[in-house]
Amino acid sequence: MRRRDFLTAAVVGGAVTIVGAPAFLRRAYAQNPIKIGMPAALSGGNAQYGIQAKRAAELFAKDIKAKGVLGRPIEFIFEDTGGDPATAVRKAQKLVEKDGVKFLTGVVMSSEALAISAKCPEWKVIFMSTINGAGALTAKSYNRNFFRINTSGPMGARAISLYLAEAPMKRFFALGSDYAWGRDSVASFVDQITAAKKEVVGKDYPPTGTKDFASYIGKVKQSGAQGVYLVLVGQDATIFLKQAHQFGLTREVKPIMEILELENMKAVGDAMVGAIGSSRYPFTVDTPKNNAFVKRFHDMHGIYPDMFDGETYEGLEWLSQVITKAGSDDIEKVTEAWEDSPYEGLEGPFFMRKCDHQAVQLGFAVECVKDPKYPHPIPKILATYPGDKVTPKCRTEDFS
Amino acid sequence: MSNLVEQLLNALALAGLLFLVSAGLSLVFGILRVVNFAHGVFYMLGAYLGFTSVAISGYFWPSLIVVPPVVGLVGALLEASTLRFIYRRPPIYQLLLTFGLALILEESIRVLYGNTAKGIDPPPLLDGSLDLAGIIYPRYRLFVIVLGLAVGCAVWLFLTRTRAGLVTRAVAQNSEMADCLGADVARVRTLVFGAACALAGLGGVAAAPMTTAYLGMGISVIVDAFVVVVIGGLGSIPGSMAGSLIVGAAQTWGAFYLPETAMVIMYAVMGAILIFRPWGLFGEEE
Amino acid sequence: MRILAVAALVALAIAPWALARYQLSILTDLLIFGLFALSLDLILGYTGMVSFGHAAYFGLGAYGSALVLINFAQPIPVALLAGALLAGAVALPIGWFSTRATGIYFAMLTLAFAQLLYTVAYKWRDLTGGSDGIAGVPKTALYWGGPSLASAQAFYFVVATCVVLSLVLCRAFVHSPFGRALQAIRENERRFTSLGRDPRPFKLVVVVVAAVFAGLAGALFAPFRGFASPEVMFWVMSGQGLMMVITGGIGTLIGPIVGAMVFILIQEVASSYTEHWMIFSGAIFVLMVIFLPGGLVGTARRLAIRG
Numbered sequence: 001m002r003r004r005d006f007l008t009a010a011v012v013g014g015a016v017t018i019v020g021a022p023a024f025l026r027r028a029y030a031q032n033p034i035k036i037g038m039p040a041a042l043s044g045g046n047a048q049y050g051i052q053a054k055r056a057a058e059l060f061a062k063d064i065k066a067k068g069v070l071g072r073p074i075e076f077i078f079e080d081t082g083g084d085p086a087t088a089v090r091k092a093q094k095l096v097e098k099d100g101v102k103f104l105t106g107v108v109m110s111s112e113a114l115a116i117s118a119k120c121p122e123w124k125v126i127f128m129s130t131i132n133g134a135g136a137l138t139a140k141s142y143n144r145n146f147f148r149i150n151t152s153g154p155m156g157a158r159a160i161s162l163y164l165a166e167a168p169m170k171r172f173f174a175l176g177s178d179y180a181w182g183r184d185s186v187a188s189f190v191d192q193i194t195a196a197k198k199e200v201v202g203k204d205y206p207p208t209g210t211k212d213f214a215s216y217i218g219k220v221k222q223s224g225a226q227g228v229y230l231v232l233v234g235q236d237a238t239i240f241l242k243q244a245h246q247f248g249l250t251r252e253v254k255p256i257m258e259i260l261e262l263e264n265m266k267a268v269g270d271a272m273v274g275a276i277g278s279s280r281y282p283f284t285v286d287t288p289k290n291n292a293f294v295k296r297f298h299d300m301h302g303i304y305p306d307m308f309d310g311e312t313y314e315g316l317e318w319l320s321q322v323i324t325k326a327g328s329d330d331i332e333k334v335t336e337a338w339e340d341s342p343y344e345g346l347e348g349p350f351f352m353r354k355c356d357h358q359a360v361q362l363g364f365a366v367e368c369v370k371d372p373k374y375p376h377p378i379p380k381i382l383a384t385y386p387g388d389k390v391t392p393k394c395r396t397e398d399f400s
Numbered sequence: 001m002s003n004l005v006e007q008l009l010n011a012l013a014l015a016g017l018l019f020l021v022s023a024g025l026s027l028v029f030g031i032l033r034v035v036n037f038a039h040g041v042f043y044m045l046g047a048y049l050g051f052t053s054v055a056i057s058g059y060f061w062p063s064l065i066v067v068p069p070v071v072g073l074v075g076a077l078l079e080a081s082t083l084r085f086i087y088r089r090p091p092i093y094q095l096l097l098t099f100g101l102a103l104i105l106e107e108s109i110r111v112l113y114g115n116t117a118k119g120i121d122p123p124p125l126l127d128g129s130l131d132l133a134g135i136i137y138p139r140y141r142l143f144v145i146v147l148g149l150a151v152g153c154a155v156w157l158f159l160t161r162t163r164a165g166l167v168t169r170a171v172a173q174n175s176e177m178a179d180c181l182g183a184d185v186a187r188v189r190t191l192v193f194g195a196a197c198a199l200a201g202l203g204g205v206a207a208a209p210m211t212t213a214y215l216g217m218g219i220s221v222i223v224d225a226f227v228v229v230v231i232g233g234l235g236s237i238p239g240s241m242a243g244s245l246i247v248g249a250a251q252t253w254g255a256f257y258l259p260e261t262a263m264v265i266m267y268a269v270m271g272a273i274l275i276f277r278p279w280g281l282f283g284e285e286e
Numbered sequence: 001m002r003i004l005a006v007a008a009l010v011a012l013a014i015a016p017w018a019l020a021r022y023q024l025s026i027l028t029d030l031l032i033f034g035l036f037a038l039s040l041d042l043i044l045g046y047t048g049m050v051s052f053g054h055a056a057y058f059g060l061g062a063y064g065s066a067l068v069l070i071n072f073a074q075p076i077p078v079a080l081l082a083g084a085l086l087a088g089a090v091a092l093p094i095g096w097f098s099t100r101a102t103g104i105y106f107a108m109l110t111l112a113f114a115q116l117l118y119t120v121a122y123k124w125r126d127l128t129g130g131s132d133g134i135a136g137v138p139k140t141a142l143y144w145g146g147p148s149l150a151s152a153q154a155f156y157f158v159v160a161t162c163v164v165l166s167l168v169l170c171r172a173f174v175h176s177p178f179g180r181a182l183q184a185i186r187e188n189e190r191r192f193t194s195l196g197r198d199p200r201p202f203k204l205v206v207v208v209v210a211a212v213f214a215g216l217a218g219a220l221f222a223p224f225r226g227f228a229s230p231e232v233m234f235w236v237m238s239g240q241g242l243m244m245v246i247t248g249g250i251g252t253l254i255g256p257i258v259g260a261m262v263f264i265l266i267q268e269v270a271s272s273y274t275e276h277w278m279i280f281s282g283a284i285f286v287l288m289v290i291f292l293p294g295g296l297v298g299t300a301r302r303l304a305i306r307g
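Residue numbers (this note's numbering), protein chains in the order written: chain U, 1 to 400; chain L, 1 to 286; chain D, 1 to 307.
Everything labelled a hint here was simulated from the structure, so no lab data went into it. Don't take every hint at face value.
List time: in silico DSSO-like cross-link candidates among lysine-lysine, alpha-carbon distance up to 30 Å [claimed, not checked]:
1. U:Lys370 - L:Lys118
2. L:Lys118 - U:Lys380
3. L:Lys118 - U:Lys266
4. D:Lys139 - U:Lys354
5. U:Lys102 - D:Lys139
6. U:Lys373 - L:Lys118
7. U:Lys102 - U:Lys289
8. U:Lys98 - D:Lys139
9. D:Lys139 - U:Lys254
10. U:Lys54 - U:Lys67
11. U:Lys333 - D:Lys139
12. D:Lys139 - U:Lys373
13. L:Lys118 - U:Lys254
14. U:Lys124 - D:Lys139
15. L:Lys118 - U:Lys203
16. L:Lys118 - U:Lys295
17. L:Lys118 - U:Lys54
Generate coordinates for the entire structure from the input sequences, incorporating the hints supplied.
Below, the structure is given as structure tokens:
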């Protein structure tokens, strides 16, 4: 009993001394750099996106190094979440409370984003999404501390639906990863396609991390669909496409990707040529700003930028411009400066809507093609849609 | 109809892979009385080494033959350097030790291979699909079905028809008695552990062209393999076979007909079997 | 020596003023996980049953409290009660079935039931939000119309109070005649049976009691993190609970809290140096299992007795 008492004391004493250098020591921390926290999935099945965000941040850090923002350097702090929302909240909390970041970005999964976003008003930080697709983030789960730079899932579904409305295909099957992004995007796609007087003959939601899609492939085959709309996250998409090829599915049914990524094209190779989809940022877009970016990116990383390399870079550049405009990194001032402000992105103009903090931007329908100039298939732009056609009504996931 | 056959083949291919993993898990439990949590990681190791071996040699078949013994060797070394010292402790300690080993191995593979999944192309002979009276089916999956069956028969023949198999079964029945009768129990344990890991490694190489080699494949397969051995009975090879078929079927048909409840069905089947036969279909009461 | 216990309480009491914001978060975190590990020790340490599905009760507690807080905006104690009772209620049928088996089969059965509940949480999207979980769980008030617990300090006190009270209750529980009967089952179940007593009701009660405390830990976790997701009931979480108990010391009650502390601190410290901190915690854990089977507290006690 006595030893136990002793140990109780030891536990508490230990907790206080090991975890705790006194608080005032921490507070004296230099205010100098502007810190941007990136609680990104750097491991696990969706690490490819976190790695993209990190690559973009590295390039941006190099580009901004000379001048800084408000004369202050930018410091990126990375934490690996593994793609799990519970871990993501813990890591984000660490970034906010321990490292004192005021800006969070680089979050990979929509489920992580929903969990973190809900805590941002309490933490008094800004969360800038450059990857997260779930429509709810700027609709049902909107809060004023959340800004979305990237095209959302419903916006991507809108762009490809506008394209498909003109195409000869009539019957579709929709397959979405069983979480916020997959579900939201499939719902949006079904609405759009039905409105275009075409038919969705089936839909299904394989869990994230599914490695054997044989049953789903069987279902798509049986449904008689001409196109299969895929909202599969990370490696899931690669694995599905490879297996679909082995089962001979892609001969009969055209893959339509919510996000047609380089990552998939590299992994699947020529079997993916002919797949179509929407793209949030196709690196092949021909603007002077983008061409320069692609070159800088290639020089630094030795590869071509994928979707979230571009989107994250744009987000960081826009954020730094907004902080400059606000003249401070105060959250309230930055929020006000950002709302209803324009930005010239890599692929075209952006506009941050005040009503739901969704960035209005161009929508792209693209096709996976081979080009001898590149070591892997690339996205070819089939159609470009103006921002007002592909952005939902404020704080909804509906399009007029 | 063609769909039914296709789903049946899918179930069999999945069962083949599950069997390669669960047979070893079951064997180790039967002989060492250890529930090996790290078993799935050896499956993952097999897949990754398979990737390396194909990348170096350019051929699939040599990899299928070379990788399993390597994985088995790693397993045997780990058994001899850690598990061997704690057989006398309550089973929980062995379970937790292997849990720790699983963490270390999984993270080591991450260090070595990075985060992205590594795909292997099936060998040219098995690439593409076969037209079975109107059913287009990947050749490679047919191969996995055959492999699972062949290994199942081989293990069963080894245990029942060879002298080494007899000694192994003797140790499983009563290790002290076997010791008295001159069997080198420690060696049998290490060899069995290594052999089980080699089986898992074989499963990993075989799985890689189907599912790619990815981090977390060990954890996801071990949970399924637990279900398999619990349904079939710990320590029973026919049990592993039956369990693999049940789980393969439940997962495949579940995902096809009842996608929303597929996973629940697998665990519900397991719970139901355990309530009526707590020691599994082919297991023996403790 | 009682003075030390008092000192411990005082340290817990002044922690919010002595610690920085993040350190207080870590302390809250480890108290919650300490409570979870402590509840597992009732089953593992005092009854000798290996439960590999204890995370299910933690998760049920988390969902119970999250749903009450989000949908009904009730005070925190109502949510805690709801979470703990939900876990206890579900433990009743699970315990009834799983205590039919013993040894490794008990472990497997608990694992199966936990995975079943996990998949239900994963698939019952309308109620649980599926894999996205329930975000934005608020820290409400202490009682109806009472002071808000939204600040980190206020909530810390709720957690600390719950954990200290639980520790006291669990100690009383294991030292009661009932608790001694449990230890008799652990030592020799056959003898216990041959004395004409049926061990199953005892086992069932301890499973339910442990579930209630695990549920309480989960119920604290949801508003603390503002989040509940199926991951908290995944088997990895059950495995971590076992690691905490073994690291700290099986059958000591205070040990699991120490184990949780070590576990979380290793994670905290090592993860800031390397992404691959799992190798270290895995290695430390393996060495612990081989060389210090009594865990930190068990070993410290043995040394104290000898010296």
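Evaluation of the provided hints:
1. In summary, the hint linking U:Lys370 to L:Lys118 is supported, as the alpha carbons are separated by about 23 Å, within the 30 Å threshold.
2. In summary, the hint linking L:Lys118 to U:Lys380 is supported, as the alpha carbons are separated by about 26 Å, within the 30 Å threshold.
3. Pair hint L:Lys118 plus U:Lys266 holds up; C-alpha atoms about 12 Å apart against a cutoff of 30 Å.
4. For the hint linking D:Lys139 to U:Lys354, the alpha-carbon distance of about 29 Å falls within 30 Å, and the restraint holds.
5. Proximity of U:Lys102 to D:Lys139 is assessed by CA-CA distance (about 22 Å); at most 30 Å being required, the pair is judged to hold.
6. With a C-alpha separation of about 25 Å, the suggested pairing of U:Lys373 with L:Lys118 holds against the 30 Å cut-off.
7. Taking the CA atoms of U:Lys102 and U:Lys289, the gap is about 29 Å. The hint holds against a cut of 30 Å.
8. Pair hint U:Lys98 plus D:Lys139 holds up; C-alpha atoms about 21 Å apart against a cutoff of 30 Å.
9. As the CA atoms of D:Lys139 and U:Lys254 are separated by approximately 49 Å, the hinted pair breaks the 30 Å bound.
10. Pair hint U:Lys54 plus U:Lys67 holds up; C-alpha atoms about 21 Å apart against a cutoff of 30 Å.
11. Pair hint U:Lys333 plus D:Lys139 holds up; C-alpha atoms about 28 Å apart against a cutoff of 30 Å.
12. A distance of roughly 57 Å separates the Cα atoms of D:Lys139 and U:Lys373; the hinted pair therefore is violated under the 30 Å criterion.
13. Taking the CA atoms of L:Lys118 and U:Lys254, the gap is about 25 Å. The hint holds against a cut of 30 Å.
14. For the given pair, U:Lys124 sits about 16 Å from D:Lys139 by alpha-carbon distance, which is consistent with the 30 Å threshold.
15. This hinted pair checks out: L:Lys118 and U:Lys203 have alpha carbons roughly 29 Å apart, not beyond 30 Å.
16. This hinted pair checks out: L:Lys118 and U:Lys295 have alpha carbons roughly 28 Å apart, not beyond 30 Å.
17. A hinted pair counts as satisfied when its Cα atoms are at most 30 Å apart, and L:Lys118 with U:Lys54 qualifies at roughly 21 Å.
In this structure, the earlier hints numbered 9, 12 are contradicted, and the remaining ones agree with it.
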